[in-house]
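Student: Sequence order for the protein chains is A and B. Quick note on the numbering used here: the first sequence kicks off at 1 and runs consecutively. Quick note on the numbering used here: the second sequence kicks off at 1 and runs consecutively.
Everything labelled a hint here was simulated from the structure, so no lab data went into it. Any given hint could turn out to be false.
Just so you know, same-sequence chains aren't split out, so a pair can sit in one copy or run between any two.
What the hints assert, rightly or not - Calculated cross-link-like contacts (lysine to aspartate or glutamate; reagent style EDC-like; alpha-carbon spacing at most 20 Å):
| hint | residue 1 | residue 2 |
| --- | --- | --- |
| 1 | 37 | 12 |
| 2 | 37 | 48 |
| 3 | 193 | 165 |
| 4 | 168 | 93 |
| 5 | 37 | 20 |
| 6 | 168 | 43 |
| 7 | 193 | 29 |
None of these values were measured; they are calculated from a predicted model.
Protein chains: 2
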Amino acid sequence: MTELPALAAVYEPLASSVRELIDVTIRTEVDAATVLKARALIDTAAHELSRALMPGAFGLRTISDGQGSAWGNVVIGIRNPVAPPLVIHHEPDGQVWTEFELGAAFEGPAGHVHGGISAMVLDHVLGATAHQPGRPAYTGTLTLRYVRGTPLGPLRAQARVVRVEGVKTFAAGEISDEQGVTVQAEGVFIHPKS
Amino acid sequence: MTELPALAAVYEPLASSVRELIDVTIRTEVDAATVLKARALIDTAAHELSRALMPGAFGLRTISDGQGSAWGNVVIGIRNPVAPPLVIHHEPDGQVWTEFELGAAFEGPAGHVHGGISAMVLDHVLGATAHQPGRPAYTGTLTLRYVRGTPLGPLRAQARVVRVEGVKTFAAGEISDEQGVTVQAEGVFIHPKS
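Just chain A, with the same shape it has in the complex (with noise of 0.2 Å):
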């Protein structure tokens, strides 16, 4: 099997050229002609890519040491092109945060993430509180009190643990801009019964 180092160098580059190109056929103006010449490159190289697929989604597949089932998750999947990537940091006190920059792909309102954008980065924020290693949390309930809009551009998430009550993890964390808060959560993890 080929090392997942190996396999990050091959699939990570190809992740952020379609991400690139998902936030240029957002924008594009050029005309229908060059339209129709670019649809046509993206289409032979979605042929290509389609030699050899593997079945459903990426997660059902196997991979023998589990760190590579991560990869095509919706928030944090290098080889998701839909996710913004978000890099999560844990600290030493069990603080979770992460920078990242949500541009024309995430928006809702004119110039400002979709709130839905925001509920998601936040459920995958607080839930990382509750998250240990080969011990994944699920989301039990979650709420969220939009304080002001969120702009595109530049932001930061973080959650902490507010306690923890048998398999349940109740999390509070927020979303803010250079301003400060724009979005707070709270929610309740759950660690299925093993």
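Following the hints, put chain B in place on chain A, whose structure we already have.
Tutor: Same frame as chain A, now just chain B:
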């Protein structure tokens, strides 16, 4: 100015092609040489599309009759390859529903929709109960209860207005698969005072 249907006929198939490319980018198992070849095609397509780009994000562009302004939206935008895209139906009684399919691009737990993507869909669908032409509503609060995992595949989301108090619309809804409800949501959506 080019008519909107003519513009849609140019750009919607482009976004569809990129959506297909996203899926196979995640699922491909071709060798490194084929990946390199596909990347070169993708980068050339992105270069072509970049010959004329609107600055920033799609919604910042003013389209005279306003109809095109949601084309970049991450949930419903026909020009946004990240968007599934959801097609929102409004019933005469105020009920809102949509049927859609989520594939590999939206994965969280293996074979399942990321909890954050369910949150994104419900934010949009609940919000759609409050939207009125020319009078958007913004999310105030959103609470999600995850009943069980949501499998990738065909899904339905629906929402209804529970009550209206001044500028606030209280809405409730859920995501379901064939077996029933997977995620429930309640939200408060606010019409900014004009």
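Student: Within a copy, between copies, both or neither: which one fits residue 168 and residue 43 at a CA-CA cutoff of 20 Å?
Tutor: Neither way: residue 168 and residue 43 sit 46 Å apart in one copy and 45 Å across, limit 20 Å.
Student: Is the C-alpha distance from residue 193 to residue 165 at most 20 Å within one copy, between copies, in both cases, or in neither?
Tutor: within (13 Å within a copy, 42 Å between copies)
Student: Since the copies are identical, ignore which copy is meant and state whether residue 193 and residue 29 lie within 20 Å (CA to CA) inside a copy, between copies, both or neither.
Tutor: Result: close neither inside a copy nor across copies, 53 Å intra and 34 Å inter.
Student: Checking an output row: residue 37 and residue 12, CA cutoff 20 Å. Within, between, both or neither?
Tutor: between (25 Å within a copy, 15 Å between copies)
Student: Regarding residue 37 and residue 20, is the shortest C-alpha distance of 20 Å or less found within a copy, between copies, in both, or in neither?
Tutor: This pair counts as both: shortest intra-copy Cα distance 17 Å, inter-copy 17 Å.
Student: Within a copy, between copies, both or neither: where do residue 168 and residue 93 come within 20 Å Cα-Cα?
Tutor: within (18 Å within a copy, 39 Å between copies)
Student: If the cut is 20 Å between Cα atoms, do residue 37 and residue 48 qualify within a copy, between copies, both or neither?
Tutor: both (17 Å within a copy, 8 Å between copies)
Checked against the numbered hints listed earlier, the structure breaks hints 6 and 7; every other hint is satisfied.
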